[in-house]
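Colleague: Chain by chain, the residues run as shown.
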Amino acid sequence: MGELELRRLTVSYGERPVVAGLDLRVADGEIVALLGPSGAGKSTILKAVAGLLPASVGEIRINHQLVNQLPAERRDAVLLFQKPLLFPFLDVAGNIAFGLKMAGIGGRQAAARIAAIMAITGLDGLARRRVHQLSGGQQQRVALARGLVLAPSILLLDEPLSSLDAELRQQMRELIGRVQRETGTTMLFVTHDQSEAFAVSDRVALLLAGSLRQTGSAEELFYHPADREVARFFGGGNFIDGRIVGGTFAGASLRCPTARSDCATATAVIRPEELRLVESGGDNCLDGVVETVSFEGANSRLQIATAAGTFTLLAVRPEGRVGQPVVLHFPPERLHIFPCPEGGR
Amino acid sequence: MDPATSAGTGRSCPVRRLLLLLGPALFLILLLFGGGLLLGLFQALGYPPLSAGSTSGLGHFQQVLGDADFPRSLGLTLYIAGTSTVVAALLSLVLALALVNWAARSRLIHFLLQIPLAVPHLVIAISLLLILSPSGLLSRLGSALGLVGSPAAFPLLVNDPFGVAILATYIWKEIPFITFMLLAVLKNIGSELAEVGATLKASRRQRFLHITLPIIAPSLGAASLIVFAYAFGAFEVPYLLGQTYPLTLPVWAYKSYSDIDLLSRPEGIAISLLITGTVLLAVLLAELLLHSSRRREGGR
Amino acid sequence: MRRRLLLTAVLVGAILPFLPLLLWSFAERWFYPALFPEGWGLRAWSYLVDTAGRQIIDGLVASFTLALATTALSLLLGIPAGRALGLYDFAGKRLLSLLLLLPIIVPPLAVAMGLHRWFLQLGLAETFFGVVLIHLSVCLPYTIFVLQGVFRDYNPDFEAQARSLGAGPLAVFWRVTLPLTLPGIAVAALFSFLLSWSQYLSTLIIGGGRTLTLPILLFALIDSGDRPVAAAVSLLFVLPALLALLAGAQALGRGNIEGVR
Ligand SMILES: Nc1ncnc2c1ncn2[C@@H]1O[C@H](COP(=O)(O)OP(=O)(O)O)[C@@H](O)[C@H]1O
Ligand SMILES: [Mg+2]
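Protein chains in written order, with our numbering: chain A, 239 to 583; chain B, -7 to 292; chain C, 1160 to 1420.
Quick caveat, the hints were computed from the structure, so don't treat them as lab data. Here the structure is a predicted model, which means the values were calculated and not measured. The beta-carbon is built from N, C-alpha and C at its ideal position, and this holds for glycine as well. There could be a bad hint or two in this list.
Which stretches of chain C does chain B cover? Using the computed rule of at least three CB atoms under 8 Å from a CB of chain B, they are [to be verified]:
{"hint": "1", "segment": "1213 to 1223"}
{"hint": "2", "segment": "1356 to 1367"}
Quick list of in silico lysine to aspartate or glutamate cross-link-like pairs, DMTMM-like style, CA-CA up to 25 Å [to be verified]:
{"hint": "3", "chain 1": "B", "residue 1": "K247", "chain 2": "C", "residue 2": "D1382"}
{"hint": "4", "chain 1": "A", "residue 1": "K321", "chain 2": "A", "residue 2": "E434"}
{"hint": "5", "chain 1": "A", "residue 1": "K321", "chain 2": "A", "residue 2": "D403"}
{"hint": "6", "chain 1": "A", "residue 1": "K285", "chain 2": "A", "residue 2": "E405"}
{"hint": "7", "chain 1": "C", "residue 1": "K1252", "chain 2": "B", "residue 2": "E184"}
{"hint": "8", "chain 1": "C", "residue 1": "K1252", "chain 2": "C", "residue 2": "D1209"}
{"hint": "9", "chain 1": "A", "residue 1": "K285", "chain 2": "A", "residue 2": "D521"}
{"hint": "10", "chain 1": "A", "residue 1": "K321", "chain 2": "A", "residue 2": "E412"}
{"hint": "11", "chain 1": "A", "residue 1": "K285", "chain 2": "A", "residue 2": "E253"}
{"hint": "12", "chain 1": "A", "residue 1": "K285", "chain 2": "A", "residue 2": "D314"}
{"hint": "13", "chain 1": "A", "residue 1": "K339", "chain 2": "A", "residue 2": "E253"}
{"hint": "14", "chain 1": "B", "residue 1": "K179", "chain 2": "C", "residue 2": "D1312"}
{"hint": "15", "chain 1": "A", "residue 1": "K285", "chain 2": "A", "residue 2": "D261"}
{"hint": "16", "chain 1": "A", "residue 1": "K285", "chain 2": "A", "residue 2": "D266"}
{"hint": "17", "chain 1": "A", "residue 1": "K339", "chain 2": "B", "residue 2": "D59"}
{"hint": "18", "chain 1": "A", "residue 1": "K321", "chain 2": "A", "residue 2": "D500"}
{"hint": "19", "chain 1": "B", "residue 1": "K247", "chain 2": "C", "residue 2": "D1385"}
{"hint": "20", "chain 1": "A", "residue 1": "K339", "chain 2": "A", "residue 2": "D403"}
{"hint": "21", "chain 1": "A", "residue 1": "K321", "chain 2": "A", "residue 2": "E311"}
{"hint": "22", "chain 1": "A", "residue 1": "K285", "chain 2": "A", "residue 2": "E297"}
{"hint": "23", "chain 1": "A", "residue 1": "K285", "chain 2": "A", "residue 2": "D362"}
{"hint": "24", "chain 1": "B", "residue 1": "K179", "chain 2": "A", "residue 2": "E434"}
{"hint": "25", "chain 1": "B", "residue 1": "K247", "chain 2": "C", "residue 2": "E1318"}
{"hint": "26", "chain 1": "A", "residue 1": "K285", "chain 2": "A", "residue 2": "E434"}
{"hint": "27", "chain 1": "B", "residue 1": "K179", "chain 2": "A", "residue 2": "D261"}
{"hint": "28", "chain 1": "A", "residue 1": "K339", "chain 2": "A", "residue 2": "D362"}
{"hint": "29", "chain 1": "A", "residue 1": "K285", "chain 2": "A", "residue 2": "E268"}
{"hint": "30", "chain 1": "A", "residue 1": "K285", "chain 2": "B", "residue 2": "E279"}
{"hint": "31", "chain 1": "A", "residue 1": "K321", "chain 2": "A", "residue 2": "D362"}
{"hint": "32", "chain 1": "A", "residue 1": "K321", "chain 2": "B", "residue 2": "E279"}
{"hint": "33", "chain 1": "A", "residue 1": "K321", "chain 2": "C", "residue 2": "D1312"}
{"hint": "34", "chain 1": "A", "residue 1": "K321", "chain 2": "A", "residue 2": "E457"}
{"hint": "35", "chain 1": "A", "residue 1": "K339", "chain 2": "A", "residue 2": "E311"}
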């Protein structure tokens, strides 16, 4: 049972606010991924929730209880750091038992809980190992078990996979998912990797430069970004300026129906993989010239210059050569139109 | 002795090159240090080609160990080394914990703490002589405040049975040394692991007992050992500030060694070897303690 | 507030011992129970320069050349050894580093006494080189200890990079290894210098009263009971250490002789 709610949260280092006016709710049993580029303030948020940094403004509520004034050790949230940070003077079991020992829980009860958590995290047989003899993945799993054994209301994870190599990362991702299903722990999972965020979480919250820009399902953020910056973060930077009149978006000789109301300065966006090269012009087409072609393996990236600007196209197969005239097709059902900006009516 | 050396660097080097790099230093240290101790042992044992006197075998050692003054000298030396080490270690612990977040940033604190490191023991001993002697600054201050009537009424703090001035010299000199050793560890991992502890529900007191203390224990132990060994074997400070009887072991050793009677020279060497042996024993004990505590701590 | 208190305590603690030395060195007349000298003057300092000038200068020179020679040799032998111990893994390394570092802990008394007789036979006793050797037995292990730490944090890939850019072995040493490790080497040199500078007993045993370094002169002065002169020589004696400390604080941003004894 665990629920986290942040209201108008602002955290500062000295005078400088690093995170400002943040609202976020994590429901019981949910995994929310807090996604953002490095330096956005993700770790700062987790530290504030854990009680390692003071919140300068706003409320932090765990299970509806205001915890702003509680020191870290009295908050029912455990933070898992980027590095495993295992206690070097304790062995594996000693590390996992640490929090229980602090709570005065020992003996058979503690042993049973430790054994159970070690089984879940795949650490069977390593109880007496010294921590410097463990691999990176094992160390991170010990850190996970050390937090989970306390059965916290909220588990805060700060890029726990970023120090692992690709294969281990995949395994850990699955492990965290399984642990979440088996224990039902509420988790706030921080990452800078969008595919990790999508794969692990129920919902994604995108943080850019200290403020939350959009919260929703992975598909929502990916296909229906709230604004240009969110779209750019997910790699979709093809913008078309235009206007909405009577349920139709029109810009740069493109048209598409929309449910949004009239707007004088509307912007549409289309993902690079949704653009098509076609033989001859027609509706929703622009003439252009191929500027660059780069083969990237699974797909090829083309920059195409048109009268309405330069567009990026991802093709499954390498096609086109530099300087070749082409016709770009914008499937209207793939165009996403941003909400009308303030004062754009 | 040094926990960091046990973790490998992961780099190897051809043996020939290693010999080239290490050989000269190794040769010189073996020659001077090992050779010095060995030659000392031969002389103390009265090994004929090297000895002037007639006593041979364990005679000189027996003479020293059988001397009625020996237990008193040993006791005094242990008392001085032990007390100054414990007091300096405790004060350093407090200082290091108070400074840990601050010292990293404050150049002034760093600079001030380094002053005692750079000043030779001898100078501090002289300064304390000028402060603590019966006609010293402290006595004058007492007189100005009407607490002390004459130098004779001032409590004996120099050349006294408790070695107050000697202890003060060592403590003043060694606090920065131990403090810096502790700060190095605390700055690196101390605060991060303490944060982990806080999120794992350890209170301030628990964090100190179960995280900070185990982390600094090896460094505190190593620093204390070095301080103890130094104080146990040093000559200048107890020579200047100590009583004429009983003598500390190093002072006794040098007095015998430099006696006009050349026959007491092997006795002086025997005493200095006993000092060496005691220090080696302390190193061994510390090493054993470290190993057993590691094994115990392994559990929980 | 707590911080101010702490700073004051450290400040007073660090500075206090210099107070009596300064007062006494400028005291002309200072009888009990006066709290401050009743007459000020430069007698002690002029005594150092004039009457005992020759001896003091000789003492300074002797101490300085000894410390310099010891430090040079310590670095010459210590840099390769520190590199080997800090940078590479090999069988028996733990034992070897214990052996090389044991002299740091074990008091030098027995070593000096043991070597004395042998040095007499070799004609090394009462010579400059003999005293350098005995100082080296103390300073070299310490130098290696410091440099081992320096090289543990050193990345030799820089050298490989320089070589692949066309630098020869000598150029690699002068232009890559040395600049990268220079702060650490400077600290090691300072350690070694200060250790040699403050040696008393080992100089006395091996030098046999011929090598009159500053500490040996200082001891004689204390026995003579002339407090002002002893205080003045004491201050002269700490001067290089304090200068080095200031220079280090300037050069390294944060002076770094933590760990020296
Ligand atoms: N201790 C600190 N003091 C001052 N600024 C900091 C501190 N830690 C982080 N910052 C700054 O706060 C911002 C957010 O940092 P952080 O929360 O660590 O980002 P993230 O975890 O998203 O990479 C960065 O600009 C960083 O430079
Ligand atoms: Mg971060």
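Colleague: Verify the proposed pairing of K285(A) with D362(A), using a straight-line Cα cut of 25 Å.
Modeller: Violated, because 31 Å separates the two Cα atoms, which is more than 25 Å.
Colleague: Check whether the Cα positions of K339(A) and D59(B) lie no farther apart than 25 Å.
Modeller: violated, 54 Å
Colleague: Are the Cα positions of K179(B) and D261(A) separated by 25 Å at most?
Modeller: Violated, at roughly 35 Å.
Colleague: Would you mind confirming whether the straight-line C-alpha gap from K1252(C) to E184(B) stays at or under 25 Å?
Modeller: violated, 31 Å
Colleague: Please work out if K321(A) and E457(A) have their alpha carbons no farther apart than 25 Å.
Modeller: violated, 30 Å
Colleague: Taking only the CA atoms, is the gap from K321(A) to E279(B) under or equal to 25 Å?
Modeller: violated, 31 Å
Colleague: Holds or violated: K1252(C) and D1209(C), Cα atoms, limit 25 Å.
Modeller: Answer violated: K1252(C) to D1209(C) is near 55 Å, above 25 Å.
Colleague: Quick one, are K285(A) and D266(A) close enough, alpha carbons at most 25 Å?
Modeller: Given pair K285(A), D266(A) holds - Cα atoms ~20 Å apart, limit 25 Å.
Colleague: Do the alpha carbons of K285(A) and E434(A) lie within 25 Å of each other, as the hint requires?
Modeller: Roughly 21 Å separates the two Cα atoms, so the pair holds.
Colleague: Taking only the CA atoms, is the gap from K285(A) to D521(A) under or equal to 25 Å?
Modeller: violated, 53 Å
Colleague: Mind checking the alpha carbons of K321(A) and D362(A) for me, to see if they're no more than 25 Å apart?
Modeller: Cα-Cα ~22 Å, so holds.
Colleague: Given the hinted pair K339(A) and D403(A), is their Cα-Cα distance within 25 Å?
Modeller: Given pair K339(A), D403(A) is violated - Cα atoms ~33 Å apart, limit 25 Å.
Taken one by one, the earlier hints fail for this structure at numbers 1, 6, 7, 8, 9, 13, 17, 18, 20, 23, 24, 25, 27, 30, 32, 34, listed in ascending order.
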